[in-house]
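Based on these hints, arrange chains B and C on the given structure of chain A.
Residue numbers (UniProt numbering), protein chains in the order written: chain A, 1 to 449; chain B, 1 to 449; chain C, 1 to 449.
No lab work stands behind these hints, which were simulated from the structure alone. Heads up, a few of these hints could be off.
It does not matter which identical chain is used: a pair holds within one copy or between any two.
Stated by the list, open to error - Lysine to aspartate or glutamate pairs mimicking EDC-like chemistry, simulated, CA-CA at most 16 Å apart:
(1) Lys-78 - Asp-430
(2) Lys-204 - Glu-117
(3) Lys-33 - Glu-108
(4) Lys-7 - Glu-268
(5) Lys-420 - Glu-108
(6) Lys-270 - Glu-440
(7) Lys-270 - Glu-431
(8) Lys-33 - Glu-360
(9) Lys-270 - Glu-436
(10) Lys-204 - Glu-431
(11) Lys-428 - Glu-201
(12) Lys-420 - Glu-206
(13) Lys-111 - Glu-50
(14) Lys-111 - Asp-430
It should be emphasised that the depicted structure is a prediction, and the values quoted were computed from it without experimental measurement.
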Amino acid sequence: MHSPAAKVSGYVVLMIVQIIFLVLFWLFVRYEKTAMPLAIDAEDAGSANEHVSKYPQFQDIQVMIFIGFGFLMTFLRKYGYSATGFTLFMAALVVQWAVLMKGFLHMEGGKISLSLENIIDADIAAAVPLISMGALLGRTTPIQLLCMSVFEVALFAANEYLALHVFSICDCGGSITVHAFGAYFGLAVALMLRPASDQNEAGKLEGASYTSDIFAMIGTTFLWVYWPSFNSVLADGAGGERAILNTFLSLAAATVTTFVVSALVSHENKLDMVHVQNSTLAGGVAVGTVCNLLLGAHGAVLIGIIAGTVSVLGYRYLTPWMTANLRLHDTCGVHNLHGMPALISAIASAIYASMATVGEYQSELQDIFPAMMGTNGTETKIMGGLGRNATSQAGYQLFGIAVTLLIAIGGGILTGAVLKYTNFRNLKKDEHHQDEHYWEVPAAENKEE
Amino acid sequence: MHSPAAKVSGYVVLMIVQIIFLVLFWLFVRYEKTAMPLAIDAEDAGSANEHVSKYPQFQDIQVMIFIGFGFLMTFLRKYGYSATGFTLFMAALVVQWAVLMKGFLHMEGGKISLSLENIIDADIAAAVPLISMGALLGRTTPIQLLCMSVFEVALFAANEYLALHVFSICDCGGSITVHAFGAYFGLAVALMLRPASDQNEAGKLEGASYTSDIFAMIGTTFLWVYWPSFNSVLADGAGGERAILNTFLSLAAATVTTFVVSALVSHENKLDMVHVQNSTLAGGVAVGTVCNLLLGAHGAVLIGIIAGTVSVLGYRYLTPWMTANLRLHDTCGVHNLHGMPALISAIASAIYASMATVGEYQSELQDIFPAMMGTNGTETKIMGGLGRNATSQAGYQLFGIAVTLLIAIGGGILTGAVLKYTNFRNLKKDEHHQDEHYWEVPAAENKEE
Amino acid sequence: MHSPAAKVSGYVVLMIVQIIFLVLFWLFVRYEKTAMPLAIDAEDAGSANEHVSKYPQFQDIQVMIFIGFGFLMTFLRKYGYSATGFTLFMAALVVQWAVLMKGFLHMEGGKISLSLENIIDADIAAAVPLISMGALLGRTTPIQLLCMSVFEVALFAANEYLALHVFSICDCGGSITVHAFGAYFGLAVALMLRPASDQNEAGKLEGASYTSDIFAMIGTTFLWVYWPSFNSVLADGAGGERAILNTFLSLAAATVTTFVVSALVSHENKLDMVHVQNSTLAGGVAVGTVCNLLLGAHGAVLIGIIAGTVSVLGYRYLTPWMTANLRLHDTCGVHNLHGMPALISAIASAIYASMATVGEYQSELQDIFPAMMGTNGTETKIMGGLGRNATSQAGYQLFGIAVTLLIAIGGGILTGAVLKYTNFRNLKKDEHHQDEHYWEVPAAENKEE
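Chain A extracted, bound-state conformation:
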C-alpha cells in the first residue's frame, strides 16, 4: 500500500560507496612504519609500542561515538532502533570515509599512512555528522542521513585543515572545528527541510517516554565520563593533563548549574530530563577549544557555570522560539548542547589567546600557538607573517569560528537543498519520529501501545 520509507536504490548506492572505499583503500592506504614488522636484523625494541599509548583514550572516544551519541538520541519514545542503529550505520561509514578524506590531505609519496592516529581522527570526524543528525532526528530517511554525512565529512576535513593548518588557530578539544561545525551544518540542513507552515506543531511522538528517557541517560553518562578523553586525546604531556583537569571541572560545574537553573526556570520548579541529558554536557563543549590552556581550575569552573546556564536557557526559551518562528525543530537541541557552547569556547579562546605570553606558556607556546613563535613547521603556512602577537592570535581565533560558521551553514544549506529537491524520498509529517517506517518492529508490541 504505502511506499517504503527508504528506497532500495538508496541502499544500493551506499553499497557502491562501500565498494569504492574498498578500492580507494587498496590504491592509497598502507600501514605506517610503526605498524610494519621490524627488519629481521634490527635490534628488538621490546614489546612495548609507544605508538599505541593513546589506545585507551581511543577506546573512550569509541564509546562516546557509538554508545554515547547513540543512546543520547534514544530519548524519543518510538525512535530507539533508529537512534542506536543509524548511529552505528553512520559512524561505520564515516570512519572509513574520514580515514580517506583526511588522509588525502596528508599524503606522503602518494600514499596514506595508516596508524592508530588515523582512526582516532576518524572517530572524532564521526562526531560531526552525528551532531548534525541530532538536529534532524526523526525527520529524514536513513539514506538522506548517510548521504548528508558523506558530504559533511568532506567539508569538515577541508574546514579543519583551513582552521588548524592555514589560520593556525588552537582548538584542542575541537569545539570550533567539530562541535560548531556539526551543529550549524545540521541546523542549516534542518532549516532547508523544515515543515510547511501549516504542519509546524510538534507531533505527539516528538517526546520521551519514561523508559526512553532512562535509555538516553546511558548516553549522557558515558559522554560525561569520557569527555576528558575526547578533549585531551590530541594534547601531549602537561597540556594533556590540563585538558583532563579542565574538562572534568568544567563538566562538574556545568552539571550543578544545569540542575539549579533547570529547577528555577521550569514549570512548578520541576527538573527537566532534557536539560539533565544535554546541558550537563555543555561544560565539555564550552571548555573544548581552550582545555589545554592555562585556565586555572577557576577558569574551567567559570566556563562550566556559563555553559550550563546558557544551555538550559536555550532549551527553555530559544528552542521553542525557533520552532515557532523559524519552523526549525532541532530535535535534540544541538544548538544548546553543541552550538552555543562552542561559540562560548571560541570567544574564550580569543580571550585567553590575547593574554598568552612566552613567560607563561614557556616551551609549550609553539605547540599551542605555532604561529606566535615564528617556528613554522613544514605544514604550517602562517597567515599574516611570522611571529603573530597575542592580539593577532585572538583575532584569528574569532576569524576561525567565523569561517567555520560560514562553511558549515553554507554547506548545510546546499546539502539540505540536495536532500530536498533532488530524487531523495522525503518523509511526510506523519512519518516523523517513528521506527516502524524503516524497521521491522515487534508486532504485538506495536499494537499494544
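Same frame as chain A, now just chains B and C:
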C-alpha cells in the same frame, strides 16, 4: 495545589555553594608542576607524561561512580530519573568539594596542587555519599541529599586523614574509609528520617519493574567489571597487580556464591534479582582493605565466598527485620552490600596484619604498613611509638574501623537531625519513591501506568 | 503445584564446585614473581609495572564478556533477567575454572603462576561457553548451562593447546579456538536438546519487544567498540597495532554491509534488528585469526564485507531452514555471528599463510608462524619437522579448524547427551524463554503484560 517537592530556596543555596567553590578554586588551587609547561630552555622529556599513567584506571572509576552507582539505583519502578539524575548531580557537586576539602589537608605554601591524583581522590570521595544515598533512596528531596553530601564528604576527609595518616592503617581499596563510612553514615541518617510507626509498611513503589531491574543490571555489571580498578588505583607495582588479581577472584567467588545461596534461601528456590544486583559485588568490598596483601588466590576466593553468603543472608533476613523492628528501610540494602562486607574486610585486615612479617613483605612492608618499619615519612605521625609490631598493627586496624563507625554513625545522626528538624522540606509517605515530585514526567506515560 | 525449574540439588553441586576451586587454588596457585614484593635490598625499579601494561585492554574484554554478551542476549522479551544474570553467573564460574585448567597445562614446579595474563586468558575462555549459551538461550535450566560450561572449558583448553602449541597455527584473535569452538559446541548441544518434531514451531516468547531490542543494542555497541581489544590483546608491538587497525576496519565495513543487505533481503525492505545487533559484529570474528597479519586496509575491509553479507544471509535464509528441517533453534543465531564468520577467518588464514614470506614479515615471522622459522621454543613441538614452508602452514591452518570442529561437535554431542539423558531437569516447551521459572518476577508487572 500541592507544594513542590523541592523548595526553590534549596536550589538557590546550591547555586551559591557552586559559586563559593569557584571562589575557593580561584584563591587556593593551582596546577601541579607536572601539569605546567616546561621552562623554554628545559630539555624535552618526550611526549609521555608519567603522571597520567593512571588515567585509564581513573576512567574506569568514573564509569563506576556515574554509570555504576547511577544505574544500580534505577531498580525502583518509578525512580529512574532520580537515580541516574541525582547521582550525576551529587557526584558533580562532591568531586569539586572533595578536591577542596582533601586539598586543604595537604596544602603546600597555602595552595592546593591540582593534578590527576586529586580528581582520582575526588571520584573515590564521591562514592561515599552515593553509598549513603542508597540507604535513603526515594525518601529524601534532592536538596536534602545534596546538603547531606556536603557535610558527609567533609567528615569523610577528616576520618580518612585520621585513619591513614594518624593511625597508619592499611586500607588500599577503601573498604573501611569509603564503604563502611558511607554505609553507616547513610544508615544513621535513615534512622533519623525513619517513618512514624503507623507508616512503616513498604509502599507499592518500593519495588522493581521488569524493565527497571534490567536497567539496574547495567549498574551491577559495570561496577563488577571495573571494581579491580577501584581497589588497585592507589597501589603501585606488584601490590597493584595483586590488588587486581585478588579483587577479580573475590568478585568471581562471591558471584557464584550469591546465586547458589539466593536460590537456596528464596521462596520456591527462585533467584532474586536484588541479590544478583548487589551481593555479587560484596566480594569487591570485602576484599578491599586487604586487596594488596599476600592473600593468595585462595584467600581472595575465601573472602568472596564469605562475603557473598553474608550479603545474601543479610538481604533475606536482616533487612526485613530492620525494616520491621527499627523502621529502617535501607532502600538499596547498602548494609548488605557495603556495610557488612566492609566489616569483614576490616576483620580480615587485622588477621592478615597480625601475620605480616618483613620476611614475607620484604621491601613493600614500609609502603603497606608504614608504622611497622619505623620509617615515618613527613606526614605520618605514628601513634604508639616507632616500629609497631604485627599484633599492634592488627589492633590499629580494628581501632581504625571502630573510630570510622563512631564518626560515621555520630555524623549521620547529627546530619539526619539537621535534615529532619531544621527548615528542610521533608517528604510525606505518599511522596516516596516517585520521580514525578521533582521531575517533569511524560504525561501520557504517567496516565497509562 | 509445578516443580521448580531448577533443582536445589543442582545449586548445591555448584557450591561444591566452588569449594573445590577454593581447595585447588590453595594447593596449586601462587602469585607470579612480578606480583610478589621485591627483596628488601633490591633496587627499586620505580612504580611502573610493565606487567600490567595490558590492563586497559583486559578491562575492555571484561566489558565485552559481562556487559557485551549479557546485554546482547537480553533481546528476548521475557528473558532479560536470565540473559544478564546467567552471563554473570557463568562467567564468574568459568574464569576461576579457566585459571585452573589453563594453568594445569603450563605448570612450573607443580604450581600455577598467577598474573594479569592468566585472568586475561580466563576472560577469553569465558567467551566460549557464552557463545554456546547463545545457541541454547531460553531452552535450558541454569544448572544445565553451568555444568555444560565446566565440561566445555576443559575441552576448549585442551583444543587450544593442541591448535596453538602442537599444530602451531596462528589464531591471534581466537576465531578458530574461541568462536568456532564455542559456536559449534553450542549448536551440537542444541541439536541434542532439540524439541520433538510436533513441538518445533517457535514460541511466542522467542522474539523481542521494543524495549528488549534496545537493551540488546547496549551489548552490540560495547562488543563493537571493544572488539579491537579482544583481537589485539595477545599481540605485541607492530602486530598489535595492525590487529587494532584491521579489526576496526573490518567491523566498519561489515556494519555498512549488514545494513544494506538487511534492507535488500528483508520484507518490505525494512531493516531487521536481529541483523543489526549481530551481523555488524561478524566483521570482528571474520578478521580474528588473521588480524595481526599484513592484510592491508583493503584486506580488512574486504573480509568485513564478506562477513556482513554471509551473516545477514545466514540469519535470513539458513537459520529458518535449520529450525524447520533440523529442529535446531539457535536462539541468538550464533552460527551466523560466530560460526560461519569463524570459518571465513580460518580460510583467510590459510590463504594469507600460504603467501607469507620472510621478506614480508621479517622479524615477526617467528612470532606469528613459529613453525616456519625452525626456532622451536621450549613449548612448541612442531609437527612435520622443522622449518615448515608457507603451503604447509596453510594446510595446518585448515587442519586446525577441522580438528577444532571435530572436537567441538563431538564434545557438544556428548555434553548434550549427558544434559538430556542423565538426571538433569529438562525444560518443557512451555517453559522456554521465560524468566519466571527461575526468577522472582515483579508480580504486578507479570499480570499486566
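Cross-check of the supplied hints:
In this assembly of identical chains, Lys-78 and Asp-430 lie within 16 Å of each other by CA distance solely inside one copy; the values are 13 Å within and 31 Å between copies. In this homomeric assembly, Lys-204 and Glu-117 never come within 16 Å of each other (Cα to Cα): the closest approach is 44 Å inside a single copy and 48 Å across copies. Proximity of Lys-33 and Glu-108 under a CA criterion of 16 Å is satisfied intra-copy only: 12 Å inside one chain copy versus 38 Å between copies. When the C-alpha separation of Lys-7 and Glu-268 is checked against a cutoff of 16 Å, the pair qualifies only between copies, where the shortest distance is 10 Å, while the shortest distance within a copy is 46 Å.
Proximity of Lys-420 and Glu-108 under a CA criterion of 16 Å is satisfied in neither setting, with 39 Å inside one chain copy and 63 Å between copies. Within a single copy, Lys-270 and Glu-440 get their C-alpha atoms only as close as 37 Å, which misses the 16 Å cut-off; across copies the closest is 6 Å, which meets it. In the homo-oligomer, the alpha carbons of Lys-270 and Glu-431 lie at most 16 Å apart only across protomers (14 Å), although the nearest pairing inside one protomer, at 32 Å, exceeds that limit. In the homo-oligomer, the alpha carbons of Lys-33 and Glu-360 lie at most 16 Å apart only across protomers (13 Å), although the nearest pairing inside one protomer, at 37 Å, exceeds that limit.
For a Cα distance limit of 16 Å, the shortest separation of Lys-270 from Glu-436 across copies, 8 Å, qualifies, whereas the shortest one inside one copy, 33 Å, does not. Taking CA atoms no more than 16 Å apart as the test, Lys-204 paired with Glu-431 passes inside one copy only; the shortest distance there is 12 Å, against 29 Å between copies. In the homo-oligomer, the alpha carbons of Lys-428 and Glu-201 lie at most 16 Å apart inside one protomer (14 Å), although the nearest pairing across protomers, at 39 Å, exceeds that limit. In this assembly of identical chains, Lys-420 and Glu-206 lie within 16 Å of each other by CA distance neither inside one copy nor across copies; the values are 21 Å within and 41 Å between.
Taking the closest pair of Cα atoms, Lys-111 and Glu-50 never come within 16 Å of each other, the shortest separation being 23 Å inside a single copy and 34 Å across copies. For the identical chains of this complex, Lys-111 and Asp-430 are neighbours neither inside a copy (48 Å) nor across copies (61 Å), given an alpha-carbon limit of 16 Å.
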